[in-house]
Amino acid sequence: MEVGQMQRRLVDYTKSLFMEGFLDGQFSQLQQLQDESNPDFVVEVVSLFFDDSEKLLNDLAIALDQPNVDFKRVDAHVHQLKGSSSSIGAQRVKNACIAFCNFCKQHNIESCLRCLQQVKQEFYLVKNKLETLFRLEQQIVGAGGSIPVMEMGF
Amino acid sequence: MAQSRHAVTKEQSPKITALVVDDNMVNRTIHQRLLDNLGIENEVVCNGKEAVDVHCSGKNFDLILMDMDMPIMNGIEATRRLREMGIRSMIAGVSTRAMEQEIQAFKEAGLDDYQEKPLTMSKLTSIIRKMNHND
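Chains as they are written, first to last, in this note's numbering: chain A, 1 to 154; chain B, 1 to 135.
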């Protein structure tokens with residue numbers, strides 16, 4: 001596949017992630033912070049998000065599995081996850097966390113467990129999508145091309 | 001413990017210094033990059049107590065980006081303590097908490113500005129503009 005085709009595929013794929021709500025304008029903000037002095041900024045921050053989130057999801061599962069659930073602790077973990085997903089533009093994860101926060105306040109264990117599954121699902125979906133995006137970018141760079149600048153207009 | 005990062009000065013004007021106070025590593029990284037991009041020398045700490053401690057050690061900053069929810073000491077308490085210590089830096093609260101009374105309590109602790117997270121370049125620029133206007 002020639003570079004132009006790869007670039008068009010990347011643009012279309014990125015657009016689809018925004019259209020389907022996986023990403024929002026905050027992700028564009030991160031892309032704008034990347035430059036020649038920090039060429040891997042987006043990958044680095046998103047990787048931090050992946051690692052941090054997996055730990056938080058694990059902590060949430062443990063916290064909700066306790067005989068006496070500490071909802072303050074659960075809320076603190078969800079708040080962290082909501083914060084970082086919001087900061088990188090992972091919109092669907094953020095929205096799932098907002099719903100989770102509401103059930104935490106109600107001390108509803110069953111609903112919290114359902115929310116955890118929902119957050120996990122959205123997290124692994126966006127992780128998969130972003131890893132695909134980064135792979136497409138690497139292919140372009142590997143073929144000697146440059147990553148097209150995309151104005152998402154959010 | 002505060003970690004120092006030296007930014008590239010983009011202009012000839014005196015370098016502004018900033019302290020990022022946030023318990024979330026993703027947020028700290030993004031806020032540092034936003035500040036670096038504006039040529040602002042910055043350090044990070046992970047909670048309100050570390051923010052107070054770094055000032056007790058004699059350091060001072062033009063701008064403090066203060067998260068609200070943090071373990072050990074939250075942003076409201078840290079802001080109050082810093083003001084009691086006589087710290088007159090620009091303190092901008094940044095948080096995802098949306099309830100009006102929580103934001104109000106944060107402002108009453110001594111904030112100069114409040115921005116809802118996530119922080120963007122335009123929000124940070126508006127904080128800097130306010131800071132320059134107050135000088």
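Where hints are given, some of them may not hold.
[Stated by the list, open to error] Okay, derived cross-link-like pairs now, SDA-like style, lysine to any residue, Cα gap no bigger than 25 Å in a straight line: (1) A:Lys72 to B:Glu102; (2) A:Lys129 to A:Leu17; (3) B:Lys59 to B:Met99; (4) A:Lys72 to B:Pro71; (5) A:Lys72 to B:Asp36; (6) A:Lys15 to B:Met121; (7) B:Lys123 to B:Asn37; (8) A:Lys72 to A:Leu30; (9) B:Lys49 to A:Arg73; (10) B:Lys107 to A:Ile98; (11) B:Lys15 to A:Ile98; (12) A:Lys120 to B:Glu102.
For the record, the hints were derived by calculation from the structure and aren't laboratory data. For clarity, every value in this text was computed on a predicted model and none was experimentally measured.
Taking the hints in turn, this is what the structure says about them:
no.: 1; hint: A:Lys72 to B:Glu102; verdict: holds, 17 Å
no.: 2; hint: A:Lys129 to A:Leu17; verdict: holds, 8 Å
no.: 3; hint: B:Lys59 to B:Met99; verdict: violated, 33 Å
no.: 4; hint: A:Lys72 to B:Pro71; verdict: holds, 12 Å
no.: 5; hint: A:Lys72 to B:Asp36; verdict: violated, 35 Å
no.: 6; hint: A:Lys15 to B:Met121; verdict: holds, 22 Å
no.: 7; hint: B:Lys123 to B:Asn37; verdict: holds, 14 Å
no.: 8; hint: A:Lys72 to A:Leu30; verdict: violated, 31 Å
no.: 9; hint: B:Lys49 to A:Arg73; verdict: holds, 20 Å
no.: 10; hint: B:Lys107 to A:Ile98; verdict: holds, 24 Å
no.: 11; hint: B:Lys15 to A:Ile98; verdict: violated, 39 Å
no.: 12; hint: A:Lys120 to B:Glu102; verdict: violated, 29 Å
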